[in-house]
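J.: One letter stands for each residue in the lines below.
2 protein chains.
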Amino acid sequence: MSDTHNEREQLLALRDRIDEIDATIGKLISERAGCAQKVAEVKSASTEGDVLFYRPEREAQVLRKAMERNEGPLSDEEMARLFREIMSACLALERPIKVAYLGPEGTFTQQAAQKHFGASAVAMPFSAIDEVFREVEAGAVNYGVVPVENSTEGVVSHTLDNFMNSNLKICGEVELRVHHNLMVSSVTDVKSISRIYSHGQSLAQCRKWLDAHYPKAERIAVSSNAEAARRLKGEWNAAAIAPEKAAELYDLQVVSEKIEDQPDNSTRFLIIGTQAVPASGVDKTSLLIAMRNQPGALHNLLAPFHAHDIDLTRVETRPSRSGVWTYVFFVDFTGHVDDPVIRATLDEVSARVSDLKILGSYPKAVL
Amino acid sequence: MSDTHNEREQLLALRDRIDEIDATIGKLISERAGCAQKVAEVKSASTEGDVLFYRPEREAQVLRKAMERNEGPLSDEEMARLFREIMSACLALERPIKVAYLGPEGTFTQQAAQKHFGASAVAMPFSAIDEVFREVEAGAVNYGVVPVENSTEGVVSHTLDNFMNSNLKICGEVELRVHHNLMVSSVTDVKSISRIYSHGQSLAQCRKWLDAHYPKAERIAVSSNAEAARRLKGEWNAAAIAPEKAAELYDLQVVSEKIEDQPDNSTRFLIIGTQAVPASGVDKTSLLIAMRNQPGALHNLLAPFHAHDIDLTRVETRPSRSGVWTYVFFVDFTGHVDDPVIRATLDEVSARVSDLKILGSYPKAVL
Numbered sequence: 007m008s009d010t011h012n013e014r015e016q017l018l019a020l021r022d023r024i025d026e027i028d029a030t031i032g033k034l035i036s037e038r039a040g041c042a043q044k045v046a047e048v049k050s051a052s053t054e055g056d057v058l059f060y061r062p063e064r065e066a067q068v069l070r071k072a073m074e075r076n077e078g079p080l081s082d083e084e085m086a087r088l089f090r091e092i093m094s095a096c097l098a099l100e101r102p103i104k105v106a107y108l109g110p111e112g113t114f115t116q117q118a119a120q121k122h123f124g125a126s127a128v129a130m131p132f133s134a135i136d137e138v139f140r141e142v143e144a145g146a147v148n149y150g151v152v153p154v155e156n157s158t159e160g161v162v163s164h165t166l167d168n169f170m171n172s173n174l175k176i177c178g179e180v181e182l183r184v185h186h187n188l189m190v191s192s193v194t195d196v197k198s199i200s201r202i203y204s205h206g207q208s209l210a211q212c213r214k215w216l217d218a219h220y221p222k223a224e225r226i227a228v229s230s231n232a233e234a235a236r237r238l239k240g241e242w243n244a245a246a247i248a249p250e251k252a253a254e255l256y257d258l259q260v261v262s263e264k265i266e267d268q269p270d271n272s273t274r275f276l277i278i279g280t281q282a283v284p285a286s287g288v289d290k291t292s293l294l295i296a297m298r299n300q301p302g303a304l305h306n307l308l309a310p311f312h313a314h315d316i317d318l319t320r321v322e323t324r325p326s327r328s329g330v331w332t333y334v335f336f337v338d339f340t341g342h343v344d345d346p347v348i349r350a351t352l353d354e355v356s357a358r359v360s361d362l363k364i365l366g367s368y369p370k371a372v373l
Numbered sequence: 007m008s009d010t011h012n013e014r015e016q017l018l019a020l021r022d023r024i025d026e027i028d029a030t031i032g033k034l035i036s037e038r039a040g041c042a043q044k045v046a047e048v049k050s051a052s053t054e055g056d057v058l059f060y061r062p063e064r065e066a067q068v069l070r071k072a073m074e075r076n077e078g079p080l081s082d083e084e085m086a087r088l089f090r091e092i093m094s095a096c097l098a099l100e101r102p103i104k105v106a107y108l109g110p111e112g113t114f115t116q117q118a119a120q121k122h123f124g125a126s127a128v129a130m131p132f133s134a135i136d137e138v139f140r141e142v143e144a145g146a147v148n149y150g151v152v153p154v155e156n157s158t159e160g161v162v163s164h165t166l167d168n169f170m171n172s173n174l175k176i177c178g179e180v181e182l183r184v185h186h187n188l189m190v191s192s193v194t195d196v197k198s199i200s201r202i203y204s205h206g207q208s209l210a211q212c213r214k215w216l217d218a219h220y221p222k223a224e225r226i227a228v229s230s231n232a233e234a235a236r237r238l239k240g241e242w243n244a245a246a247i248a249p250e251k252a253a254e255l256y257d258l259q260v261v262s263e264k265i266e267d268q269p270d271n272s273t274r275f276l277i278i279g280t281q282a283v284p285a286s287g288v289d290k291t292s293l294l295i296a297m298r299n300q301p302g303a304l305h306n307l308l309a310p311f312h313a314h315d316i317d318l319t320r321v322e323t324r325p326s327r328s329g330v331w332t333y334v335f336f337v338d339f340t341g342h343v344d345d346p347v348i349r350a351t352l353d354e355v356s357a358r359v360s361d362l363k364i365l366g367s368y369p370k371a372v373l
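Heads up: the sequence lines are chains A and B, in that order. Residues are numbered in our numbering as their position in the first sequence, beginning at 1, plus a constant of 6. Residues are numbered in our numbering as their position in the second sequence, beginning at 1, plus a constant of 6.
The shape of chain A in the complex, shown without the other chains (with noise of 0.2 angstroms):
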């Protein structure tokens, strides 16, 4: 009876200081929308000509900020999304960013859409990449967001295509990532497993792993991971390949963590707009080469690369449209246009190739 009372007592002045620590929160976010307010006011007096209220180097810094001085319970990923949210509620008071995305809704754009600009955001869904980049373009939104790679699978090579053909910039990527795990029911043993469910481009994206570990087991596409998740209950010789969430929800033992077979699984995202970004400190840049294809030639043209020690995150090569014999490469590497060494290395790269256009300069992903 008393240790029940303690216990309220104790709940109670939880209870309290959550509720000061609340009304803190909200005032601070008030001042804070304030700020925002007028910043907008003073970049609308400004003669400067382009007005920019959304800068994705300052986003980002903000962010990784907020992530370095996060000394927990929570972790920095959910930190990080909080402030996305504070930000973008911010923004949205001043001028609602409208962002186009490869739709429908519901799918991993709109995920990457919202992960990026926060739920202040207006986000409408286009249904082919070329209509998104022709919107921005067109001026009829701020920011386009497409699909640009999934680890496994490869690259959405309709994306890289559209940037042949225009002036768009690469204002900022986001990564979504998604592991897979091995399930099975309570009743079931490992050894006994002869079916295997999942969606079929996870079972694709674990392939080698399969191959290896349950060579003999049935691979059964189903419509989704959580309907595959579902499957297992009473069967006692079936696993499922599915997110660490179905385990939670459908009571399943995760037997084997992170199958997938690149250990970096993720999906890669865009987002173009019409301005060039300044350097947020920790940035990436993403090159369009054409060039002939004699050999060595790309050889050639990463030599300066690795002369001046500069990190390439990713080569693409694509068939140009434009000439028989030409090849297009995509390089991404760390590192922002602004600083002199790269500025140095691609000047060098300029004079070994056809052409080179700067797709964009641009915040590494935070999250």
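Incorrect hints may appear among the rest.
Copies of one chain are not kept apart here, so a pair can be met inside one copy or by any two copies together.
To be verified - Okay, derived cross-link-like pairs now, DMTMM-like style, lysine to aspartate or glutamate, Cα gap no bigger than 20 angstroms in a straight line:
1. LYS251 x GLU137
2. LYS71 x GLU37
3. LYS44 x GLU13
4. LYS33 x ASP22
5. LYS251 x GLU233
6. LYS370 x GLU74
It is worth saying that the hints were derived from the structure and are not from the lab. Computed from a predicted model, the values in this text were never measured in an experiment.
Since the structure of chain A is provided, determine the placement of chain B on it from the hints.
T.: Chain B in isolation, oriented as in the chain A frame:
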């Protein structure tokens, strides 16, 4: 030159202040999360049996306070949304809430689940309403989210029917507001409108208004409201029915606002769970009442509510599955069963009917 310099100074000062605010907000969010962890510890140590981490009535109170305290410039809705996410993150730290909702992903029901539980809950789609009920009953998830009414199209009868054979409680409600607007491109004269595009359901929800204002215009159902808005480009004699954000996005002019036939065109969802919810201060109660179909039965049933001045918000009649000439009524009213007046009223009603089941008292939708 000095103007520009002055502006830069101002912007730097504002950014420094925003950085300070962010640092304090971050610290406070961390402290709040720490308090939430302590609450969980105290509750876990409790000998009282049921350990409830998620308290719908407490969440509703926190959100209402955040809105009351808000003095702008953010809207109350935006402020509450930010606090919803902060609570969601703090709660997920202890024990992520598991939620089943009527899928597929990307539907309004998923939006409702996210609006109510925030982005940190583990929410998964199920393909039928009775599956959502079954998952909650089986304890596989903590809560379910199901649609219960659209104020124009009527009730989702399948949800009501499920309560007849279930012991689940209603623990909360969520409303998503959807407004329709008639919009045209800048070249269009309103008098020349001869075609109106929209999604079929939106056309249905504005039928009377269209009959009255544009009786001769052809109504063309297309795949989505966004598609309807897009079609207007270059059409000089067409209009679209779509939400306001479509006008922003496609640079259209809204010529008539809120044209839905029911002024409160919203979609309502119920949160279902296994636990009764204590009073939050602003609550609703839902009843299921079975009675013989005698003359004046409904009037007789409702008389005690009238006598006690209780605000009935909704009455639905459904045929019972258990016998001929027997009907089942779903009744919603303002108030909580813990209130002695409500309790006395229900005792009176109880004496007049075959069966009365309290489906739940729960906080009125905050947003």
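J.: At most 20 angstroms between alpha carbons: which applies to LYS33 and ASP22, within, between, both or neither?
T.: both (17 angstroms within a copy, 17 angstroms between copies)
J.: From the Cα coordinates, with 20 angstroms as the cut-off, is the pair LYS71 and GLU37 best called within, between, both, or neither?
T.: Both. Shortest intra-copy (19 angstroms) and inter-copy (18 angstroms) distances satisfy the 20 angstroms Cα cut-off.
J.: How do LYS251 and GLU233 come out at 20 angstroms by Cα distance, when the copy is not named: within, between, both, or neither?
T.: Answer is within; shortest intra-copy Cα gap is 13 angstroms, inter-copy 34 angstroms.
J.: Is the C-alpha distance from LYS370 to GLU74 at most 20 angstroms within one copy, between copies, in both cases, or in neither?
T.: Answer is within: at 16 angstroms inside a copy they meet the 20 angstroms cutoff, but 39 angstroms across does not.
J.: From the Cα coordinates, with 20 angstroms as the cut-off, is the pair LYS251 and GLU137 best called within, between, both, or neither?
T.: Answer is between: at 18 angstroms across copies they meet the 20 angstroms cutoff, but 34 angstroms inside does not.
J.: At most 20 angstroms between alpha carbons: which applies to LYS44 and GLU13, within, between, both or neither?
T.: between (46 angstroms within a copy, 11 angstroms between copies)
Against the hints set out earlier in the document, no violation occurs for any number.
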